[in-house]
Amino acid sequence: MSAGTAERSGFARLLSAEWTKLRTVRGWLIGLAVGALLTAGVGMFIASATVCSQPGPNGSFVACSNTSGPDGREVTDRFFFLHRPLTGNGQLTVRITDVRAAQAWAKAGIIIKQNTRSGSSYAAIMVTPGHGVRMQYDFTHDVAGPSGAVSRTAPRWLRLTRAGNRVTGEASGDGRHWTTVGTATLTALPRTAQLGLFVGTPPDSGLTQSLTESTQHVGSALATARFDQLTVAGGTTGTSWTGTDIGDTGGMRTAAGGRQREGDAFTLHGSGDIGPAVSPLLPVTPIERTLIGTFAGLIAVAVVAIAFVTAEYRRGMVRSTLAASPRRIRVLAAKAVVMGSAAFVVGLAGSAAAVALGSMLLRANGNAVAAVPLGTELRAIVGTAALLAVTAILAMAVGSIVRHSAAAITLVIAGLVFPYLVTAGAPVLPAATANWVLRLSPAAGFAIQQTQVRYPQVDTAYTPFNGYFPLSPWLGFAVLCGYAVLALAVAGFLLRRRDA
Amino acid sequence: MYENSITVTGLRKRYGPVTALDGMSFTVEPGRVTGFVGPNGAGKSTTMRVILGLDRPSAGEARVGNRPYRSLRYPLRHLGALLDAGALHPARTGRNHLLWLARTQGLPASRVDAVLDRVGLRSVARRRAGGYSLGMRQRLGIAAALLGDPPALMLDEPFNGMDPEGIIWMRGFLQSLAQQGRTVLVSSHLMGELEGTAGHVIVVGRGRVVADAGVAELIARMSGDRILLRTPATDRAVAALTGAGGHVEPAGPDTLVVTRLAADRVSALLTAAAVPVTELAPHRATLEEVYLRLTRDVTEFRGEAEEVAR
Numbered sequence: 001m002s003a004g005t006a007e008r009s010g011f012a013r014l015l016s017a018e019w020t021k022l023r024t025v026r027g028w029l030i031g032l033a034v035g036a037l038l039t040a041g042v043g044m045f046i047a048s049a050t051v052c053s054q055p056g057p058n059g060s061f062v063a064c065s066n067t068s069g070p071d072g073r074e075v076t077d078r079f080f081f082l083h084r085p086l087t088g089n090g091q092l093t094v095r096i097t098d099v100r101a102a103q104a105w106a107k108a109g110i111i112i113k114q115n116t117r118s119g120s121s122y123a124a125i126m127v128t129p130g131h132g133v134r135m136q137y138d139f140t141h142d143v144a145g146p147s148g149a150v151s152r153t154a155p156r157w158l159r160l161t162r163a164g165n166r167v168t169g170e171a172s173g174d175g176r177h178w179t180t181v182g183t184a185t186l187t188a189l190p191r192t193a194q195l196g197l198f199v200g201t202p203p204d205s206g207l208t209q210s211l212t213e214s215t216q217h218v219g220s221a222l223a224t225a226r227f228d229q230l231t232v233a234g235g236t237t238g239t240s241w242t243g244t245d246i247g248d249t250g251g252m253r254t255a256a257g258g259r260q261r262e263g264d265a266f267t268l269h270g271s272g273d274i275g276p277a278v279s280p281l282l283p284v285t286p287i288e289r290t291l292i293g294t295f296a297g298l299i300a301v302a303v304v305a306i307a308f309v310t311a312e313y314r315r316g317m318v319r320s321t322l323a324a325s326p327r328r329i330r331v332l333a334a335k336a337v338v339m340g341s342a343a344f345v346v347g348l349a350g351s352a353a354a355v356a357l358g359s360m361l362l363r364a365n366g367n368a369v370a371a372v373p374l375g376t377e378l379r380a381i382v383g384t385a386a387l388l389a390v391t392a393i394l395a396m397a398v399g400s401i402v403r404h405s406a407a408a409i410t411l412v413i414a415g416l417v418f419p420y421l422v423t424a425g426a427p428v429l430p431a432a433t434a435n436w437v438l439r440l441s442p443a444a445g446f447a448i449q450q451t452q453v454r455y456p457q458v459d460t461a462y463t464p465f466n467g468y469f470p471l472s473p474w475l476g477f478a479v480l481c482g483y484a485v486l487a488l489a490v491a492g493f494l495l496r497r498r499d500a
Numbered sequence: 001m002y003e004n005s006i007t008v009t010g011l012r013k014r015y016g017p018v019t020a021l022d023g024m025s026f027t028v029e030p031g032r033v034t035g036f037v038g039p040n041g042a043g044k045s046t047t048m049r050v051i052l053g054l055d056r057p058s059a060g061e062a063r064v065g066n067r068p069y070r071s072l073r074y075p076l077r078h079l080g081a082l083l084d085a086g087a088l089h090p091a092r093t094g095r096n097h098l099l100w101l102a103r104t105q106g107l108p109a110s111r112v113d114a115v116l117d118r119v120g121l122r123s124v125a126r127r128r129a130g131g132y133s134l135g136m137r138q139r140l141g142i143a144a145a146l147l148g149d150p151p152a153l154m155l156d157e158p159f160n161g162m163d164p165e166g167i168i169w170m171r172g173f174l175q176s177l178a179q180q181g182r183t184v185l186v187s188s189h190l191m192g193e194l195e196g197t198a199g200h201v202i203v204v205g206r207g208r209v210v211a212d213a214g215v216a217e218l219i220a221r222m223s224g225d226r227i228l229l230r231t232p233a234t235d236r237a238v239a240a241l242t243g244a245g246g247h248v249e250p251a252g253p254d255t256l257v258v259t260r261l262a263a264d265r266v267s268a269l270l271t272a273a274a275v276p277v278t279e280l281a282p283h284r285a286t287l288e289e290v291y292l293r294l295t296r297d298v299t300e301f302r303g304e305a306e307e308v309a310r
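Residue numbers (the numbering used here), protein chains in the order written: chain A, 1 to 500; chain B, 1 to 310.
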């Protein structure tokens with residue numbers, strides 16, 4: 001042809017042709033724009049209607065807030081602390097003869113803490129009613145020690161040793177033979193830290209879930225533990241013990257802790273927990289709550305992706321397409337790349353706006369938006385764009401297989417959107433069933449949006465409705481990709497075999 | 001064999017119980033308009049789809065310039081085709097419809113404007129194709145076929161929906177394309193549309209070729225020994241001629257067509273019987289008549305064959 005035309009590679013020509021097709025039908029461009037608006041808009045609407053407040057001083061209500069831990073993420077840090085300062089290296093040993101608490105994760109033991117400010121760095125060795133001996137530090141770290149509950153006939157000795165910024169926790173069944181449970185390195189620990197005994201327990205909680213409401217019932221709880229044979233070695237310690245209710249401020253007021261002393265024995269009462277702040281146990285709003293409009297944006301994009309293929313079949317235009325490009329698999333590949341890229345751009349615009357504006361609205365309404373690492377936040381935003389892109393490709397492939405738009409849209413909604421809505425969107429299905437649906441159906445891909453982390457040492461309702469997917473973000477996304485690849489393979493096979 | 005001829009050999013195609021193609025074979029040569037005619041369902045469109053690699057035949061093969069269509073890197077630069085003028089997205093403008101096609105062949109947008117000019121659609125090129133009349137869509141389809149400046153063209157029923165003015169334009173246009181040395185295959189279910197345009201016709205029926213000949217030759221062959229007789233005394237004429245072994249068919253008021261008798265013998269018989277004659281001439285068939293006879297024969301032959309088979 002004319003000299004000015006650069007001869008582009010065959011596939012680049014197909015991409016250019018398919019892109020020309022997509023951009024020259026105004027309804028499709030509008031549909032894609034609607035996809036972006038829904039992705040951003042539904043979340044922003046929900047955010048603007050979500051208000052969080054908690055009891056403040058003097059009967060007032062203040063914005064929801066949480067304590068920040070050493071790494072900036074929200075933590076809960078409330079317990080009764082019987083402490084005295086320790087300068088330099090040192091060691092505390094104690095015997096626990098009784099722990100009384102309703103919660104399996106109630107905690108009693110020895111703790112060394114940066115200071116008495118809630119959220120400061122710590123390391124602790126403890127016994128629990130339901131999970132044996134644990135070594136925990138800096139809120140998210142948890143190491144299991146010897147199992148078994150504590151009683152008057154089966155007491156447990158604990159020992160916590162500081163050497164520089166290393167803290168070692170040990171446990172013993174007889175006070176002579178010791179087992180090292182774990183060692184923590186706490187860079188934030190000052191030369192003079194607070195060392196002592198502690199008791200705490202997570203609140204009694206229950207959860208009511210129905211189609212229309214989800215209510216977390218939090219009841220105040222108190223744990224009691226009996227300590228004796230207390231010895232402090234090394235370092236320079238103060239001489240008198242101080243009792244402090246750590247973190248006893250703000251909203252969810254807990255029962256006051258306290259202590260009684262009988263000879264060399266202490267009985268401590270405490271409430272509250274030490275650990276990561278986990279939704280819905282605490283009022284932390286995960287950022288993916290702003291991405292709740294994704295399912296709606298996804299429908300709009302899927303409709304365009306399906307029409308992109310089925311419109312050709314309905315009008316016989318596919319014959320022009322295949323006569324111009326007889327290598328059919330490449331035509332399908334070009335369509336997938338063009339449609340997937342367009343959906344990705346639309347999804348990225350929608351999800352970036354949703355997270356940026358939605359979390360701004362949430363904060364303005366008093367919600368405590370969970371702090372997550374930048375990489376996690378970017379994964380949720382870019383992952384949402386990828387979710388739309390892969391869904392568009394899946395929808396396009398289904399459209400190519402069934403060659404009928406209404407049937408294809410029904411399949412995509414029934415296979416992807418509906419399973420999401422009845423599991424993560426509303427707690428219609430029981431959590432166990434919901435988990436299986438989100439493992440096996442294409443809706444597993446929504447896991448890419450999850451920023452919350454499950455902590456085995458925190459009991460809460462880790463259900464899809466609360467934002468906890470059964471598969472990890474990338475594994476869930478891989479399930480969706482698997483469906484898309486399978487649909488493309490079937491579409492390609494049929495496209496080659498069928499007469500056009 | 002020319003580099004731009006279209007050849008099909010022994011094509012067979014079944015759709016379930018229906019045999020669409022039953023040993024279709026022909027070659028379309030360049031430099032003339034070749035009509036591809038037959039009743040609806042004779043296999044014209046199926047043959048064209050097979051040539052374009054869209055349908056896979058059960059047997060046989062099709063070649064364009066001695067290559068299978070699907071092996072062509074830029075197929076629209078070898079063979080331009082119009083299958084269905086309605087095959088476009090109504091929301092897309094005519095120009096954009098051609099633009100995406102041009103992109104598949106690595107052709108510049110200037111080529112799109114050139115073919116739009118050629119078919120006279122420039123003024124409406126930026127309007128939605130959904131608003132085009134059927135005639136305008138046919139022109140857009142022709143423009144699409146011309147996009148790659150191909151040496152061979154294949155048009156399925158291009159006269160459909162065209163007004164008389166459009167039909168005249170189309171005839172001239174097809175002839176000019178053929179005069180440029182291109183191969184031009186034009187299908188129609190109405191032979192009359194091709195009269196005066198096609199230099200050669202391939203007549204098909206029931207999935208196979210019935211006749212493949214030049215138009216002049218075909219008309220001469222079909223006109224054969226038929227004699228047109230006009231007389232006010234048709235009854236007496238019939239009696240006189242059938243008595244001598246002739247076969248007479250009425251062909252209008254006071255008009256008969258006589259076969260199985262030579263013209264001078266007819267003249268002598270009528271004179272002997274004193275039958276008044278208004279006109280006596282060798283009958284010249286129209287292309288339409290030729291076509292009707294050919295395709296009727298196919299149907300009758302097939303009917304008998306089926307009976308024999310039972």
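If you're looking for bench data, these hints aren't it; they were derived computationally from the structure.
Every residue gets a Cβ at the ideal spot worked out from N, C-alpha and C, and that includes glycine.
Incorrect hints may have been included.
As the list claims (entries may be wrong) - Pair ranges (Cβ atoms, derived): (1) G375/A with P108/B: 42 to 50 Å; (2) A233/B with G316/A: 56 to 64 Å; (3) A432/A with G41/B: 41 to 49 Å; (4) E165/B with D499/A: 33 to 41 Å; (5) T410/A with T9/B: 58 to 66 Å.
Exercise. Which numbered conditions among the earlier hints are violated in the structure presented, ordered from lowest to highest?
Worked result: 3, 5
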